[in-house]
Amino acid sequence: MLIGITLENNKPDVRKPKDCAAEMAAHLDTVAKERCKASFAKIFGYFAPRLRSYALKQMGNEAIAMELVQDTMSNVWQKAHLFNAEKGSPSTWIFTIARNIRFDMLRKLQNRKEDICSDDMWPVLCEQTADPKEKSLEEKVTLQQVGELFNSLPDKQKAVIEAIYIEGKSQQEVADELNIPLGTVKSRTRLALQRLKDMLETHD
Amino acid sequence: MIKFHPSNQQLNTFSNGLMAPAESLIISAHCDMCIQCANKVVLYTEAHSETVFDESSQRLDPNLFGTMLSQITSQEIDRGAGSEPKNSTLELDGRKFTLPRSLNRFSESIGNWSHLVGKIWQAPVNIGGDTVANFIFMEKGGGVPEHTHRGTEMTLVVNGEFSDGLADYDSGDFMVMDGKNIHTPLTKSDEGCLVFSIVDAPLHFTSGWARLINPFSHLFFK
Ligand SMILES: [Zn+2]
Chain H
1 MLIGITLENN KPDVRKPKDC AAEMAAHLDT VAKERCKASF AKIFGYFAPR LRSYALKQMG
61 NEAIAMELVQ DTMSNVWQKA HLFNAEKGSP STWIFTIARN IRFDMLRKLQ NRKEDICSDD
121 MWPVLCEQTA DPKEKSLEEK VTLQQVGELF NSLPDKQKAV IEAIYIEGKS QQEVADELNI
181 PLGTVKSRTR LALQRLKDML ETHD
Chain V
1 MIKFHPSNQQ LNTFSNGLMA PAESLIISAH CDMCIQCANK VVLYTEAHSE TVFDESSQRL
61 DPNLFGTMLS QITSQEIDRG AGSEPKNSTL ELDGRKFTLP RSLNRFSESI GNWSHLVGKI
121 WQAPVNIGGD TVANFIFMEK GGGVPEHTHR GTEMTLVVNG EFSDGLADYD SGDFMVMDGK
181 NIHTPLTKSD EGCLVFSIVD APLHFTSGWA RLINPFSHLF FK
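Respectively, the protein sequence lines represent chains H and V. Position 108 (the first sequence) corresponds to 108 in UniProt numbering; numbering is contiguous. Position 220 (the second sequence) corresponds to 220 in UniProt numbering; numbering is contiguous.
Just so you know, not all the hints are guaranteed correct.
Covered stretches of chain V (in silico footprint by chain H; criterion: 3 or more residues with CB under 8 Å from a CB of chain H, positions within the stretch not fixed) [as the list claims (entries may be wrong)]:
| # | region |
| --- | --- |
| 1 | 17 to 27 |
| 2 | 37 to 47 |
| 3 | 124 to 134 |
| 4 | 163 to 176 |
Derived from the structure by calculation, the hints contain no laboratory data. From a predicted model like this one, the values you see are computed outputs, not experimental measurements. Each residue gets a CB set at the ideal place from its N, CA and C atoms; glycine is no exception.
Please model the entire structure based on the sequences and the hints provided.
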């Protein structure tokens with residue numbers, strides 16, 4: 001029996017990560033400030049089964065997968081104060097913690113002695129100190145917002161924006177690739193950009 | 001101005017954590033120097049997290065998770081955080097080079113610089129596995145004999161400029177060379193050029209330096 005903690009296990013939580021980002025961010029804040037076990041149980045309830053399925057796919061072994069879940073969620077409990085909602089969504093933060101743990105676990109399992117740690121490449125659980133060489137705050141905020149907003153675009157618009165703005169393709173190339181008229185690519189791009197612009201404005 | 005970047009596929013695999021450690025390291029070091037690629041990594045990571053956790057059928061099985069939850073919440077909260085690694089420097093011949101953050105760990109642990117050929121210096125970096133990693137410093141006028149590659153060689157220009165008969169490279173540029181490429185790296189810059197290089201198989205020289213085996217990143221005379 002768990003004392004003071006309810007595991008809500010009757011129904012699966014079918015929301016997409018982005019649909020409960022604000023709620024999860026608020027829970028993380030409560031965990032950070034008050035060590036609130038009930039809030040943590042909500043985060044745990046949503047992410048632990050998802051982490052398990054990610055870990056099973058990656059590691060292919062139940063015991064190791066559960067170790068990955070436990071290590072990740074322990075970090076979430078202990079380091080909730082390092083979560084910064086301005087820098088990313090809760091799901092991205094938790095994913096990056098799990099990704100790092102997985103990276104280091106895999107190296108150990110393979111008995112490889114590389115002196116390469118996930119922290120060197122992805123300092124997820126470090127206090128970020130201002131580095132003059134780093135991008136300006138403005139750039140970071142915009143980038144962060146665009147990242148979130150980008151994910152909330154309809155899939156068709158996302159595909160077009162990704163091909164043009166991330167992969168650097170021309171509109172014609174995208175049209176050929178997706179086998180749709182150039183005009184459609186143009187209108188999807190315009191709609192997506194308008195939507196991003198509107199969302200950025202309401203974000204301020 | 002950085003002109004040569006990792007491919008989107010490389011950045012994507014790096015973001016996902018599914019890339020081999022040595023390759024991840026050099027891609028990460030490039031992203032430390034390149035805002036454009038760092039931005040893409042943010043977007044890819046965000047997208048991965050949405051996909052990874054988009055499992056609508058997941059429900060929490062109390063048999064699996066009940067004890068885990070109570071174990072975790074009985075742990076003390078650790079207020080500490082690892083401190084952000086500082087940029088560290090590499091010294092060579094009285095000169096200091098600032099390393100990209102991802103390579104900081106190696107500033108203290110690299111092997112000795114050895115003088116190779118002409119104006120080329122090399123210091124090995126022990127990253128383990130089958131991958132050979134080196135810092136290479138080319139003094140002004142220093143070059144590597146024409147060679148092609150067996151396996152894949154990835155190079156990041158940490159500081160300086162060089163040309164290889166195919167293109168001109170500047171600080172931050174990242175390049176992948178394989179068997180299809182034959183090149184002759186040479187630096188004309190007064191400051192010389194420091195690169196970080198990893199290679200997964202020895203390379204094969206095409207010019208008279210037949211006894212020079214191994215990469216741009218791992219030269220030695222026999
Ligand atoms: Zn780049």
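Hints and how they fare:
1. Remark: the region 17 to 27 of chain V is confirmed as covered by chain H, as 5 of its residues place a Cβ nearer than 8 Å to a Cβ of that chain, reaching the required three.
2. Counting residues of the region 37 to 47 of chain V whose C-beta lies closer than 8 Å to any C-beta of chain H gives 8; at least three are required, and the coverage claim holds.
3. Residues of the region 124 to 134 of chain V lying with their CB closer than 8 Å to a CB of chain H number 4, which satisfies the three-residue condition for coverage.
4. Taking a C-beta to C-beta cut-off of 8 Å, the region 163 to 176 of chain V contributes 0 residues in contact with chain H, too few for the three needed, and the coverage statement is violated.
Hint 4 from the earlier list is the only one contradicted by this structure; the remaining hints agree with it.
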